[in-house]
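Asker: One-letter residues, chain by chain:
Number of protein chains: 4
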Amino acid sequence: MDLKMNIAEMEDFLVREFPQVAEDFRIERSDADGIGVRLRVADRHLRPGGTVSGPSMFALADVAMYLAVLARIGPRALAVTTNCNIDFMRRPAATDMLGEARVLKLGRQLAVGDVLLYSEGMAPPVARASLTYSIPPRG
Amino acid sequence: MDLKMNIAEMEDFLVREFPQVAEDFRIERSDADGIGVRLRVADRHLRPGGTVSGPSMFALADVAMYLAVLARIGPRALAVTTNCNIDFMRRPAATDMLGEARVLKLGRQLAVGDVLLYSEGMAPPVARASLTYSIPPRG
Amino acid sequence: MDLKMNIAEMEDFLVREFPQVAEDFRIERSDADGIGVRLRVADRHLRPGGTVSGPSMFALADVAMYLAVLARIGPRALAVTTNCNIDFMRRPAATDMLGEARVLKLGRQLAVGDVLLYSEGMAPPVARASLTYSIPPRG
Amino acid sequence: MDLKMNIAEMEDFLVREFPQVAEDFRIERSDADGIGVRLRVADRHLRPGGTVSGPSMFALADVAMYLAVLARIGPRALAVTTNCNIDFMRRPAATDMLGEARVLKLGRQLAVGDVLLYSEGMAPPVARASLTYSIPPRG
Numbered sequence: 001m002d003l004k005m006n007i008a009e010m011e012d013f014l015v016r017e018f019p020q021v022a023e024d025f026r027i028e029r030s031d032a033d034g035i036g037v038r039l040r041v042a043d044r045h046l047r048p049g050g051t052v053s054g055p056s057m058f059a060l061a062d063v064a065m066y067l068a069v070l071a072r073i074g075p076r077a078l079a080v081t082t083n084c085n086i087d088f089m090r091r092p093a094a095t096d097m098l099g100e101a102r103v104l105k106l107g108r109q110l111a112v113g114d115v116l117l118y119s120e121g122m123a124p125p126v127a128r129a130s131l132t133y134s135i136p137p138r139g
Numbered sequence: 001m002d003l004k005m006n007i008a009e010m011e012d013f014l015v016r017e018f019p020q021v022a023e024d025f026r027i028e029r030s031d032a033d034g035i036g037v038r039l040r041v042a043d044r045h046l047r048p049g050g051t052v053s054g055p056s057m058f059a060l061a062d063v064a065m066y067l068a069v070l071a072r073i074g075p076r077a078l079a080v081t082t083n084c085n086i087d088f089m090r091r092p093a094a095t096d097m098l099g100e101a102r103v104l105k106l107g108r109q110l111a112v113g114d115v116l117l118y119s120e121g122m123a124p125p126v127a128r129a130s131l132t133y134s135i136p137p138r139g
Numbered sequence: 001m002d003l004k005m006n007i008a009e010m011e012d013f014l015v016r017e018f019p020q021v022a023e024d025f026r027i028e029r030s031d032a033d034g035i036g037v038r039l040r041v042a043d044r045h046l047r048p049g050g051t052v053s054g055p056s057m058f059a060l061a062d063v064a065m066y067l068a069v070l071a072r073i074g075p076r077a078l079a080v081t082t083n084c085n086i087d088f089m090r091r092p093a094a095t096d097m098l099g100e101a102r103v104l105k106l107g108r109q110l111a112v113g114d115v116l117l118y119s120e121g122m123a124p125p126v127a128r129a130s131l132t133y134s135i136p137p138r139g
Numbered sequence: 001m002d003l004k005m006n007i008a009e010m011e012d013f014l015v016r017e018f019p020q021v022a023e024d025f026r027i028e029r030s031d032a033d034g035i036g037v038r039l040r041v042a043d044r045h046l047r048p049g050g051t052v053s054g055p056s057m058f059a060l061a062d063v064a065m066y067l068a069v070l071a072r073i074g075p076r077a078l079a080v081t082t083n084c085n086i087d088f089m090r091r092p093a094a095t096d097m098l099g100e101a102r103v104l105k106l107g108r109q110l111a112v113g114d115v116l117l118y119s120e121g122m123a124p125p126v127a128r129a130s131l132t133y134s135i136p137p138r139g
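Chains as they are written, first to last, in this note's numbering: chain A, 1 to 139; chain B, 1 to 139; chain C, 1 to 139; chain D, 1 to 139.
Treat the hints with care, since some could be wrong.
[As the list claims (entries may be wrong)] Anything over 12 Å on all C-beta distances counts as not near chain C; from chain B, calculated:
# : residue
1 : 9
2 : 73
3 : 79
[To be verified] Calculated pairs, DSBU-like style, for lysine-lysine (alpha carbon to alpha carbon, straight line, at most 35 Å):
#  : chain 1 : residue 1 : chain 2 : residue 2
4  : A       : 105       : C       : 4
5  : D       : 105       : B       : 105
6  : C       : 105       : A       : 105
7  : B       : 105       : C       : 105
8  : B       : 105       : D       : 4
9  : D       : 4         : D       : 105
10 : D       : 105       : C       : 105
11 : B       : 105       : B       : 4
Everything labelled a hint here was simulated from the structure, so no lab data went into it.
Using N, Cα and C, we set each Cβ at its ideal position, and we do this for glycine too.
Please put together the full structure from these sequences, using the hints given.
Answerer: Written out as structure tokens, the structure is:
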């Protein structure tokens, strides 16, 4: 599948459209298989005991899938998450997290994919998520 | 069903165990039917355009179900979310949000329930979530 | 909300469009709050030990939500399930099951709702499901 | 990871414990990566128009994950599905379906994994599912 945006274009898009959170994320990989996004974990992402919070993991899964869809359809800010299902499987470490997303369907109205979330330096995934995005009609 | 914690005890528990986020939430109702929790929406919960962010809605659903479970099992901080499924149905307003949770199963190992999320002043729900919590064995 | 089909019309529709399974189901209630559908449990729905099988519970949840959507949009056979999330909470009895569905969103493209599944004669729900239907454009 | 049952042992187990459905399925692969299960599609699995029914796809996902868990824990019939989330992404063909399951977590109480479902002869997946199994304590 042709990619319509490269990593620099997607990071610019994040800064422009989501300025509050853009600095939390780095895109590490974007190719035909999917995308890899790093959550740069800071104090605000942690719970007492030093684990990454559930909402922070949700945010990483959501951003990773959003960017994977954008890479395939081009910059359309209005794509919205309609469903997210997450299984929290292991206690995350207090390190950066990596979200590895793949797009399983890219239809005219809906995109579907899944994301594995990893704590950096830990082999088994911490969480898995599947997400559906609604894609706005072309204007 | 007997409730093992009242609202003041649950709010104290939140402050003690989750100091970073406790101020975001107010428990408005806790009874045999479930629990109502308010997300006091501030700038940090908003996306450009003035909608409450997905991670903030996830956080409200998660806290509401957590508190509904705690009210029924007493203060056990180690209950952990194992699954969350959210449907985002409507664009939220830039107002406070209310999460109305009910517990559908309270087993020895797992608790299951669902949450409807409302933007204050808007009748139809903005999102629905179902969550599973793993309950630690009594020590 | 106006209902566009009554119970007899929906049962005729089931017989016409889904002849293999129509006899498994009876619509017991359809009103502004939602719909109640009975799964007439027979041997083919049971697992050894006399519990209703997972696929049979999935079928009941899916049919109940489908009919609740149809009642609201009229007979459009092409509405398709795009997502189903089920929590299996208790062991069902070997009796009929009842699915109580409510529609939480009825948009132009997507309908979202949830279903509680009960074993007849048992008070707590056996399972809960949420489903999304994709609604075809009007021809 | 060591596998505790081979394909012949798992097929014997299916015949013994789930005689009504065992003939519907064939295990095609079982290794450290997961398991591949074939649904031998017959008239009873089809909807009008010749597509495999939702309940049949649910059944394939559920059996594939069940067998993947069994291969890793040995024959314990009481493992039960507690959650299943399915995204139906494409219209299936009227051919056999293949379920490719992987186990993402195998804990003492819960096993989590996901399954991609394919129509034989069609490259993109028809559906994806994630499932959680509750594992009974060793007797």
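Asker: The structure should be examined with respect to each hint, and the outcome stated for every one.
Answerer: A quick look at each hint next to the structure:
1. With a least CB separation of 26 Å from chain C, residue 9(B) remains clear of the 12 Å interface cut-off, as annotated.
2. The claim that residue 73(B) lies off the interface holds: its Cβ sits roughly 16 Å from the closest Cβ of chain C, which is beyond the 12 Å cut-off.
3. The Cβ of residue 79(B) lies farther than 12 Å from every Cβ of chain C, with a closest approach of about 16 Å, so its non-interface assignment holds.
4. Between residue 105(A) and residue 4(C) the alpha-carbon distance is near 33 Å, which keeps this suggested pair within the 35 Å criterion.
5. This hinted pair checks out: residue 105(D) and residue 105(B) have alpha carbons roughly 23 Å apart, not beyond 35 Å.
6. Of the supplied pair hints, the one linking residue 105(C) and residue 105(A) holds, its CA atoms being roughly 23 Å apart against a limit of 35 Å.
7. Between residue 105(B) and residue 105(C) the CA atoms are separated by roughly 25 Å; this keeps the pair inside 35 Å, and the hint holds.
8. About 33 Å separates the Cα atoms of residue 105(B) and residue 4(D), which keeps this hinted pair within 35 Å; it holds.
9. Of the supplied pair hints, the one linking residue 4(D) and residue 105(D) holds, its CA atoms being roughly 16 Å apart against a limit of 35 Å.
10. The straight-line distance between the Cα atoms of residue 105(D) and residue 105(C) is roughly 34 Å, inside the 35 Å bound, and the hint therefore holds.
11. Between residue 105(B) and residue 4(B) the alpha-carbon distance is near 16 Å, which keeps this suggested pair within the 35 Å criterion.
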